[in-house]
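K.L.:
Residues per chain are reported as follows:
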Amino acid sequence: MFGFLARRILYMIPTLFLVSIVTFAIIQLPPGDYLDTLAADMGEAGSDNNAAIEALRLQYGLGEPMYVQYGKWMSGILLHGNFGLSFEKNRPVTDLIWDRLGWTFLISLLTLAFIWLTALPIGIYSAVKKYSAGDYIATFFGFIGLAIPNFLLALVMMYVAFRYFGQSVGGLVSPQYLDAPWTWAKFGNLLEHIWMPIFVIGTSGAAALIRIMRANLLDELYRPYVVTARAKGMSEFQLLLRYPVRVALNPFISTIGWILPTLVSGEIIVSVVMNLPTTGPMLLRALLVQDMYLAGSLILIVSVLTVVGTLISDLLLAWIDPRIRYQ
Amino acid sequence: MMPLTPMHTDSPEPLLRIRGLKTHFFTADGVVKAVDGVDLDVQQSRTTCILGESGCGKSIMARSILRIVDAPGRIVDGSIIYRAADGRTVDLAAMSPTSKAIREIRGSDISMIFQEPMSSLGPIQKIGKQISETILLHRKMSKAEAKEAAIEMLDRVGIPNPAKRYESYPFELSGGMRQRAMIAMALSCQPRMLIADEPTTALDVTTQAQILDLIADLKEEFDMSVMLITHDLGVVAEVAEDVAVMYMGKVVERGDVYSVFENPKHPYTQALLESVPRIGGVRKARLPAIKGMVPHPLARPSGCSFRTRCERYMPGICDKTEPVLTQEGSSEVACFLYSSELANVR
Amino acid sequence: MTQSSTIPLAEDLAEHSPVVLGPWSLVWRKFLRHRLAVISGVIIILIYLIAAFAEFVAPIDIGKTSVRHTFAPPQMIHLFAPGDDGSTVFLPHVKGLKTTIDTEARRRSFEVDESKIIPLGFFVHGFEYKLFGIIESDVHLFGPKNPRDPFYLFGADRLGRDILSRIIVGTRISMSIGLVGVAMSLVIGVLLGGISGYFGGWTDSLIQRFIEFIRSVPTIPLWMGLAAAIPLDWPPLRTYFVVTLIVSMIGWTSLAREVRGKFLSLRNEDFIVAARLDGLSHGEVILKHMVPSFSSHIIASLTLAVPLMILAETSLSFLGIGLQPPIVSWGTLLKEAQNIRSIAQAPWLLIAPGTVIVIAVLTFNFLGDGLRDAADPNAH
Ligand SMILES: Nc1ncnc2c1ncn2[C@@H]1O[C@H](COP(=O)(O)OP(=O)(O)OP(=O)(O)O)[C@@H](O)[C@H]1O
Ligand code: SF4
Ligand SMILES: [Mg+2]
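Protein sequences appear in the order of chains A, B and C. For the first sequence, counting from 1, position 124 maps to 124 in the working numbering; every step adds exactly one. For the second sequence, counting from 1, position 39 maps to 39 in the working numbering; every step adds exactly one. For the third sequence, counting from 1, position 325 maps to 325 in the working numbering; every step adds exactly one.
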């Protein structure tokens, strides 16, 4: 188990390295940089801040070769935890992002929980009662869930909530709680709001997982070991949970590997639509105005955390399935 | 409550009496009559071998006994009378396949082991757990006692270092060891009958011999009946006491091993045995190829189902009605060669 | 099954056995049993026909704005109208719209003008267009008989443009992005997956690591970054291709994995070994023997990848970092419905394109599912 852990962590290093390079390359893609925009603005405004701009240019090595810029950025992050400056906000990136990242991952994890809690029982039911009315209903909603893009579902739900329930839409809390300190009332208000993004982000994942669980379980239900368990005299329910479901659970758990990235992706889009205080709107804005260190840091941290989450799911899988540990 | 019939008076009452058993599969393409009227007795403390070509319904017949035939398969007719230790009899065929009554018989009174030791054990559960779980299902024991009993059983089937193996996963064992573990699991509750469906087909020759010897030993030790399904005529000659030959879902000949092997009566049995000159002959004699093809399961011939391949086919008789099992000397056979007057009457 | 008194031999009985079919006709037969998949296939063909003949199908010029019809609501089609002599005659029509301007709220509100009848017809003359850039015409599949009459079946947008026509024209971009994207991911996926599975060893490890990498990072932020890097002043065609390329990045990894799995299991099959021994080159073996043996699977996977790409395009364009107006796609149409205020004022901005997207994605999923079932020899 320890060797497995060490190997997996070792594997992660090149992945993380690649993530950082790709991120950096992406934020470097647009021609020009924010300082050009800034200089143009200032020039128009008639102020003379060329010295300040030059200082920034020097600090981040802007205008220097790519690898120098990359080196400066990465060493700042690794050595000082300094992700650079948000040019637009004129504040260090670290001041801006952690709150938002926290919400992004909280919502993603809650969504993961929501997906599993719905997909697991429904998937098992669908497989065991193959071609029953319930199976057809689950399949139908599964297909619908897969077919509606997240942002569209978000818009529809917001419209329905606004139109028919008169609910304030968007955000995680009602406006009057925005700057209020945390109280039970605010927490309750949060719960009233947060289910909607969770539901919206989770629907397509749940739909996909129901189908995966159903297919996995159908693959296992007719295996010889199930017959063996039956021939031992176990009851159907007992043997179902103890044998085929246990085995079918493995590919199911390994879906965390890709579901976490898609949840984070979905969360980013949905929060733009629903105006949630998470990474999404900030990233979009940063990308649009070429606030490169802010955008880059967000992409980088979200990716790294996702990779770590995937690692955790791998370890979980190895813990559940002995065959993986021993490979 | 399970249906009980009063105890029979005649003494050599079989442990299991199968009459007119029909198990059919209702598929989209039609009804596959996998088992179509099997008559068979399994005697107390004897080894009965079931012989027959691939697809003749041996496994489905065996599974029907424990009521573990998968959908779309279903017992449509017949009875499977099992005589319990206290002498009471129950009809397994009349039970619901999910009832508590049949579950109490499975694994406790009648156990089964399968052809594929690789896939017949739960892949991600410890072997020991799977055995003690069986014990806990049927015996009132603490977990620790069940574990002890399981380790003892592992030891008994010749698995070295059983306490350590208790903690092993199936993928850590060789095929032979897994089959031993399967046997340990099947026998963990001292059943009165063991059904072994081609238990050695997937193993290499030396291991095959060891497993068969083990089954034979344990049969003596536990005083069990054994139903052994096999393709291997050598095995039959060696371990069988009774033999039943199946063709297309029916038993076409049965009797004790000497009668059947010395004096096969059904043309099918004769064809099967042609390559084995005498009892105790070549060990590795697989079933010889018989001319012609087994008819498609959805296209059964009328009358005697063997007539399309039979060298002694009698037009006008064999295609009219089905021959039934009748006593002929020391064995029973279903063929008009021996009861053609029965056919002429019609 | 009972035969006549003639002697039935094994050969006669063999006639009762099912006929042996080739692999493709087997797949086809199994596919036809999935009624939902077949219906979906027909709908998809229809959608692509609409995309191909969009200018002919669209009743109104998509660029035609009308200040008087800002946010005009959808009109109902009526089949019968009162004739001159008071009887009822068959005359498909929509009713005219009466506008009142609410000066306080500074918005227009519309009322149905029962007295004005706008007759509709098939093959009417409307705006002029060039089909495929060559065939000049002004005939349209359907529309108002008088091209100057207002005709908004699905309502109008903020500039008074016809949503229905815009959806029809947007079909071309949105549906073709799915196809082109899938073609691109097919090339990448089959190439990398094939190499990975065919050669094995360290090539395999390297490619697998790479795929794992792509799958382990959240794609949307990355694609967002890439898409945001597209300069706004690029010509539409170039933007289109870059967006398609970005979108195609989504599908190829799973395809590559699938291909690799198949290759690994096929590699040691007798007929492949035999082909190698016959002296065929790697490329020949892959293309002539391995790809055909699982192309039905690939087709199924591709079909399932198309909706992913359609969704990706709509999402990116909706965020404003994919395709940009004046390109008309379902995504850019939905951009109009970005905030709750405009949705509340004109729900059709959301409902009409949204429904179309869902239908397209749904039918592709049904079709792909049916194909996959049909291609899988051991499907339950
Ligand atoms: N699930 C099923 N659906 C339809 N037909 C089935 C099914 N399972 C078994 N059969 C049919 O039942 C018949 C008997 O199968 P069975 O497994 O009992 O044969 P067998 O004698 O055990 O053969 P083998 O020696 O190969 O194990 C076969 O002809 C098969 O076609
Ligand atoms: S009944 Fe007729 S066909 Fe059947 S085995 Fe006997 S002789 Fe042959
Ligand atoms: Mg069998």
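No lab work stands behind these hints, which were simulated from the structure alone. All C-beta atoms, glycine included, are put in the ideal place defined by N, C-alpha and C. Accuracy of the hints is not assured; some may be wrong.
[To be verified] Rough simulated footprint, nothing fancy, chain C against chain A, three-plus residues with beta-carbon under 8 Å:
#1 174-184
#2 230-237
[Stated by the list, open to error] Over the 12 Å line for every Cβ pair with chain C, so calculated as not near, a few chain A residues:
#3 Leu5
#4 Ala6
#5 Gly76
#6 Leu78
#7 His80
#8 Leu96
#9 Trp98
#10 Ile194
#11 Ser265
#12 Glu267
#13 Asn275
[As the list claims (entries may be wrong)] Just a sample of chain A residues kept apart from chain C, beta carbon distances all over 12 Å, derived:
#14 Ser132
#15 Ala147
#16 Leu317
K.L.:
Output the indices of the hints that this structure fails to meet, ascending.
P.N.:
Those not satisfied are hints 1, 2, 11, 12, 13, 15.
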